[in-house]
Amino acid sequence: MSGDHVTTAARRGDLPPEQRVVVTGLGSVCGWGEGVDALWQGLLGAGTAIRPFRRFDAARYRTQLAAEVPGELGDGSIPWKSNGHSRHARLSLADRFALAAAGEALAQAELEPRRDTAEAGVFFGSSTGGMWESENYYAHLIGQQPGRPRLAWITSQQYNGPGDAVARWSGAAGPVETLSSACTSGALAIAAAADALREGEVQLAIAGGSDSLCQLTYAGFNSLRAVDAGPCLPFRRERDGMSLGEGAAVLVLETLERAQRRGARPIAELLAGASSCDAHHMTAPAPDGRGAVRAMRRALEEAGIAPDEVDFVNAHGTGTPLNDAAEWQALLAILGTRAAAVPVAAPKGSVGHLLGAAGALEAVATILCLDRGCVHPTPAGGCIDEAAPAHLVLGAPVRDDQLRVGLSINLAFGGSNAALLFERWNGAA
Amino acid sequence: MSANGHADRGASDDWTGPSSSTPAAARDGAPRVVITGLGVVLATGAGRDSLASALAASAPRLTTVNTAPGFHAPGTARQAALAQHVDLSPWLPSSRARRLSWPSRFAVAAAEMALADAAIDHRSLAEAPVAVALATAFGTARYAESLVRDIVLQGPEAASPALFSESVANAPAAQVALAADARGTNAAVTQRESGPLQAVLLAAREVRLGRSRVALAGCSEEINSLVHALLGRFRAVAPPSDGGGELARPLDRRRAGMLAAEGAVVLVLEREDEARARGARVLARIAAGVRGFDPSASSYGFGAGGEALGARLAGELARQGVDLGSIDRIVSGASGSVAGDQLEAAVLRRVFDGSVPPLLAPKGVTGEYAGGHLAAGVLAAAGGAAWRTAGFSEPDPDLGVKPHDGSALPPAKRVLLSALAAGGAAAWIVLDAA
Numbered sequence: 001m002s003g004d005h006v007t008t009a010a011r012r013g014d015l016p017p018e019q020r021v022v023v024t025g026l027g028s029v030c031g032w033g034e035g036v037d038a039l040w041q042g043l044l045g046a047g048t049a050i051r052p053f054r055r056f057d058a059a060r061y062r063t064q065l066a067a068e069v070p071g072e073l074g075d076g077s078i079p080w081k082s083n084g085h086s087r088h089a090r091l092s093l094a095d096r097f098a099l100a101a102a103g104e105a106l107a108q109a110e111l112e113p114r115r116d117t118a119e120a121g122v123f124f125g126s127s128t129g130g131m132w133e134s135e136n137y138y139a140h141l142i143g144q145q146p147g148r149p150r151l152a153w154i155t156s157q158q159y160n161g162p163g164d165a166v167a168r169w170s171g172a173a174g175p176v177e178t179l180s181s182a183c184t185s186g187a188l189a190i191a192a193a194a195d196a197l198r199e200g201e202v203q204l205a206i207a208g209g210s211d212s213l214c215q216l217t218y219a220g221f222n223s224l225r226a227v228d229a230g231p232c233l234p235f236r237r238e239r240d241g242m243s244l245g246e247g248a249a250v251l252v253l254e255t256l257e258r259a260q261r262r263g264a265r266p267i268a269e270l271l272a273g274a275s276s277c278d279a280h281h282m283t284a285p286a287p288d289g290r291g292a293v294r295a296m297r298r299a300l301e302e303a304g305i306a307p308d309e310v311d312f313v314n315a316h317g318t319g320t321p322l323n324d325a326a327e328w329q330a331l332l333a334i335l336g337t338r339a340a341a342v343p344v345a346a347p348k349g350s351v352g353h354l355l356g357a358a359g360a361l362e363a364v365a366t367i368l369c370l371d372r373g374c375v376h377p378t379p380a381g382g383c384i385d386e387a388a389p390a391h392l393v394l395g396a397p398v399r400d401d402q403l404r405v406g407l408s409i410n411l412a413f414g415g416s417n418a419a420l421l422f423e424r425w426n427g428a429a
Numbered sequence: 001m002s003a004n005g006h007a008d009r010g011a012s013d014d015w016t017g018p019s020s021s022t023p024a025a026a027r028d029g030a031p032r033v034v035i036t037g038l039g040v041v042l043a044t045g046a047g048r049d050s051l052a053s054a055l056a057a058s059a060p061r062l063t064t065v066n067t068a069p070g071f072h073a074p075g076t077a078r079q080a081a082l083a084q085h086v087d088l089s090p091w092l093p094s095s096r097a098r099r100l101s102w103p104s105r106f107a108v109a110a111a112e113m114a115l116a117d118a119a120i121d122h123r124s125l126a127e128a129p130v131a132v133a134l135a136t137a138f139g140t141a142r143y144a145e146s147l148v149r150d151i152v153l154q155g156p157e158a159a160s161p162a163l164f165s166e167s168v169a170n171a172p173a174a175q176v177a178l179a180a181d182a183r184g185t186n187a188a189v190t191q192r193e194s195g196p197l198q199a200v201l202l203a204a205r206e207v208r209l210g211r212s213r214v215a216l217a218g219c220s221e222e223i224n225s226l227v228h229a230l231l232g233r234f235r236a237v238a239p240p241s242d243g244g245g246e247l248a249r250p251l252d253r254r255r256a257g258m259l260a261a262e263g264a265v266v267l268v269l270e271r272e273d274e275a276r277a278r279g280a281r282v283l284a285r286i287a288a289g290v291r292g293f294d295p296s297a298s299s300y301g302f303g304a305g306g307e308a309l310g311a312r313l314a315g316e317l318a319r320q321g322v323d324l325g326s327i328d329r330i331v332s333g334a335s336g337s338v339a340g341d342q343l344e345a346a347v348l349r350r351v352f353d354g355s356v357p358p359l360l361a362p363k364g365v366t367g368e369y370a371g372g373h374l375a376a377g378v379l380a381a382a383g384g385a386a387w388r389t390a391g392f393s394e395p396d397p398d399l400g401v402k403p404h405d406g407s408a409l410p411p412a413k414r415v416l417l418s419a420l421a422a423g424g425a426a427a428w429i430v431l432d433a434a
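Chains as they are written, first to last, in our numbering: chain X, 1 to 429; chain H, 1 to 434.
None of these hints come from the bench; they were simulated from the model.
As the structure is a computational prediction, the values presented were derived from the model and not from experiment.
Take these hints with a grain of salt, some might be off.
Derived, one-sided and incomplete: chain X residues facing chain H with beta-carbon distance under 8 Å [claimed, not checked]: (1) Ala139; (2) Ser156; (3) Pro175; (4) Asp195; (5) Leu224; (6) Ser276.
Simulated coverage check for chain X against chain H, where a stretch passes if three residues somewhere in it have a Cβ under 8 Å from a Cβ of chain H [to be verified]: (7) 197-204; (8) 215-222; (9) 282-293; (10) 414-421.
Think of the CB as a built atom: it goes at the ideal place given N, C-alpha and C, for glycine as much as any other residue.
Based on the provided sequences and hints, a complete structural model is requested.
Listed below in structure tokens is the structure:
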């Protein structure tokens, strides 16, 4: 028991509806394809989307696997045709992923872009934006590819490209905020959206993250020898690094008051989002996980719940030796004797590490677990590390209709940590 | 950590402020956030006095960009407000600087300068989680380009881990956290020209909600040859004029683009009651913040949504209790961009309905991107003198707005800072004189 280490404040359920934040729509794009159902079926199947990929020739890299978005959407040569808007032909892959996920999320929320979203805010995370397109442009610019580089390839190069594209498409006139804090970007964006909703800056937010595979990150993480040659094995003794993925995830967030007013059905409640920094090392987490502890503790405090009430954890679980060890220490500090018993999901074993979109995709996975009463499995393989003995759900899902609170954690380059707490929507306001 | 592995409540790194579970939606009772420190590393020099002098003289400091890589198109700009000549050694030992990218160097030096300006001792920071929010538009451009170049030319095995770890957009924020032992929220805001103001608003929220006692907020930017050349190819930067110069001309009829700038500006934010209690000198108070978006913008340009942006600004200021009539100074984000300044003017016309307060446009001196405009806004709120807009000489009749002529003005009581971004984002901050 460690609830005595957290000072709980007023429960979210005790707050007025205009200060409560609910999720009314979800969307995703990942190695399993387009759509939340594709993600969920992929996760439930306990297989992995981490495999050889087409985006670029990986023969000279240390490793050759990634969870690439399949089909037309992941093919950078196909112009985006949505809405018949000519400017969309200039969108980056990351922009297109973001638009696909946002379209799905708004549809689930029964919101019509432009008609219903004019006052919305957009909060997005991306670690590289249109870097893939920039690499292509640059290779032409320095004469390593035949033909002239065309500016049209990089008109949406910036980090803010995906969030801006979603705002432009949806006609959002509220705040548009892009955060690029590496692997916590998506979670930080969701937390920022929650703040804006609670402070009354917006009543509706489109929040998420998007990133595409590119050579810079693939070569960069390989240069750090942080990539596993096989699909990553979070919390396993044999783990040897991460696996890269790509895609986007989007949550439609709104105040409970707004959702009720328009008769929308919430999927879950976002109880809290909190973050911290290790201030320890540029690329390695603090070994005792103290930064992650601060983020989780603050999220619990803001949510007004005790650690005992956390029913499962969606871990950052990259599969790197240092991350998983530090994350386990953090879970131990927060959950105490329950740490080895609380079910843990590690979706990166299935969809890889989506970097700036990871926090958003894992938030979607967490909400799906709550909504469907089931902790999804992590692909099996190897043995649980005795030094980080998380109760990783392996091979088959754990069904539990009583799941109520899920905790999603992310840790990042630069020591950034983020924690999001979601509660299943029980229909009572 | 205690023996059982639980974090000890009350340990130095576990400070938690007042619970934020009662959000500050009701702003009446929320603590006020003030600026108590200002760190400046810009082409005009280190420290706020150097910036104030340059603004007073209406004199940008231009440097010729390295064009040797051959990226620059004919007829495009060759000059920028570069800051790598600035001596950072008083704030950043050269032994440490060598391992950092330029944006990280600028950011760490500006943060140290800001903390010293606020008279905050490093040793006090671990007990009060410090939030860091730094904006960037282009990230650590030189490192990222080097990495991609090595990959393209030599293959992926040539990728340097040192370059990669400093190539991420949040490297400057992370390096500031390492230097200042800042354990609160750490965020890199990447929203182009609106980023610096958005970073300040994010950090102010962390302080206002009691999550951090101190926050470091601002911007760090690097302009390398590639970024500069691409800005030229997009016709965003002012090309050589007939006279051979490359002046940015904010709000001028002949404006043809902005001046690209690098460097860093970092503010120290605190709760006003705590700052007063420790006897801190308060530079300005954050009275309001507004953000919006113009969906009519293209991904790389400005839109025509001045009416809607203006309506949002006016509406949000009213919601936050700011009377438009109380604003007596504008520090404009006008940069010399043809379309950007047009949008800026349309917003101001919509909000102030023909009676725009005295308008200062610092980007003729500070340039765009490095946060100089933010620093100029703080100076204006802190009693700084009005200045003449560098590069401006001929009003544009289509704008209906022109900058102040440089004559003496009484100290500002309430300053509106504006920042409209290519791509559509917008942010405004209202600063009150302390």
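Hints, one by one, checked against the model:
| no. | hint | in the structure |
| --- | --- | --- |
| 1 | Ala139 | 5 Å, holds |
| 2 | Ser156 | 4 Å, holds |
| 3 | Pro175 | 3 Å, holds |
| 4 | Asp195 | 6 Å, holds |
| 5 | Leu224 | 5 Å, holds |
| 6 | Ser276 | 6 Å, holds |
| 7 | 197-204 | holds (count 4) |
| 8 | 215-222 | holds (count 7) |
| 9 | 282-293 | holds (count 6) |
| 10 | 414-421 | holds (count 3) |
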